[in-house]
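Each chain, written out:
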Amino acid sequence: MTLTLIADAPVEVDSEGFLTDPRQWNEQIAAAIATANGVPELSDRHRLVVRFMRERYLQTGTAPSIRSLGKESGVPIKELYQLFPKGPAKLAAKIGGIPKPKGCI
Amino acid sequence: MNELLEHTEPRIDQPATIEKVAIVVSKGSLEGIYPALIMANGARMEGIDADLFFTFFGLDAIRKDRHEKIKVATVGNPGLHTATWIGAIPGFAALATRMMQRQMEKIDIPPIPEFIELVHDSGVHLYACKATVDMFGLTVDDFIPQVEDIISVGEFYEKGGAGQIIFT
Numbered sequence: 001m002t003l004t005l006i007a008d009a010p011v012e013v014d015s016e017g018f019l020t021d022p023r024q025w026n027e028q029i030a031a032a033i034a035t036a037n038g039v040p041e042l043s044d045r046h047r048l049v050v051r052f053m054r055e056r057y058l059q060t061g062t063a064p065s066i067r068s069l070g071k072e073s074g075v076p077i078k079e080l081y082q083l084f085p086k087g088p089a090k091l092a093a094k095i096g097g098i099p100k101p102k103g104c105i
Numbered sequence: 106m107n108e109l110l111e112h113t114e115p116r117i118d119q120p121a122t123i124e125k126v127a128i129v130v131s132k133g134s135l136e137g138i139y140p141a142l143i144m145a146n147g148a149r150m151e152g153i154d155a156d157l158f159f160t161f162f163g164l165d166a167i168r169k170d171r172h173e174k175i176k177v178a179t180v181g182n183p184g185l186h187t188a189t190w191i192g193a194i195p196g197f198a199a200l201a202t203r204m205m206q207r208q209m210e211k212i213d214i215p216p217i218p219e220f221i222e223l224v225h226d227s228g229v230h231l232y233a234c235k236a237t238v239d240m241f242g243l244t245v246d247d248f249i250p251q252v253e254d255i256i257s258v259g260e261f262y263e264k265g266g267a268g269q270i271i272f273t
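Line by line, the protein sequences give chains A and B. Quick note on the working numbering: the first sequence kicks off at 1 and runs consecutively. Quick note on the working numbering: the second sequence kicks off at 106 and runs consecutively.
If you're looking for bench data, these hints aren't it; they were derived computationally from the structure. Virtual Cβ for every residue (Gly too), placed ideally from N, Cα, C. Possibly wrong hints are sitting among the right ones.
If we take Cβ atoms under 8 Å as the criterion, some of the chain B residues that face chain A in the derived model are [what the hints assert, rightly or not]:
| hint | residue |
| --- | --- |
| 1 | 150 |
| 2 | 151 |
| 3 | 213 |
| 4 | 215 |
| 5 | 226 |
Looking at chain A on its own, in the form it has when it is part of the complex (with noise of 0.2 Å):
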């Protein structure tokens, strides 16, 4: 864990960048970790991902599945390929604040 600034906030990131408390989280820091990730502008879509995933981590524990990402988040697999090309699970994780998913589906 080290800690680092992500626009003008102090937070705590492991070693791949993912934040380790989602509570220091705010749409400031998701926009500025999707632009360093290759998502330059987070539209309505991108946002609705994020939401799901950091809602479903934060009620639950856990990251929630490619699987049911695709079945309950509204937006079909292929459209989370499009938005997020380099792992809609891990991205999105990622730029809600919440730590790396860890299954392997």
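Go by the hints and put chain B onto chain A.
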């Protein structure tokens, strides 16, 4: 002499991370097909490109008439830790398959037809092996629509590019 020395520097052409995988599915049992699907899906989740090449009985995973009927191999499978004659009892394979599928559903692993759709929608390319297709007398109409093409092993290597090849 100088010319010789110039070539002794090791060349580093390989990227530090995996950027593409091509996975060969050669078995038609449940436990033969799932690992390949999980690995292909896992690759895409990490932003890695993935191809699936179905050959021999692996073709069952993409055949319209068979992909919903994939079963655990209950005979000749020491991993089940049951006597071979028990595995051969009619209905045992179906029972073992149902039990395994229930366990998988619990950890959110989809059934094979849904999983194939999922990996396809994730950007995994699905190919059928030409040699096997010819050997079994099949045509493109025998396969589910997610299958992109029937290709030769040479074409498979070409598409694999500089990626890693995994045989399951």
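Interface hint status, residue 150 of chain B versus chain A (Cβ within 8 Å): 5 Å, holds
Per-residue hint verdict: residue 151 of chain B, partner chain A, C-beta under 8 Å: Nearest chain A Cβ about 5 Å off; hint holds.
Interface hint for residue 215 of chain B, Cβ within 8 Å of any Cβ on chain A: With a minimum Cβ separation of about 6 Å from chain A (threshold 8 Å), the hint on residue 215 of chain B holds.
Residue hint residue 226 of chain B, partner chain A, criterion CB-CB below 8 Å: 4 Å, holds
Cut-off 8 Å, beta-carbon criterion: hint that residue 213 of chain B touches chain A: Since chain A brings a Cβ to about 4 Å from residue 213 of chain B, closer than 8 Å, the hint holds.
In this structure, every one of the numbered hints holds.
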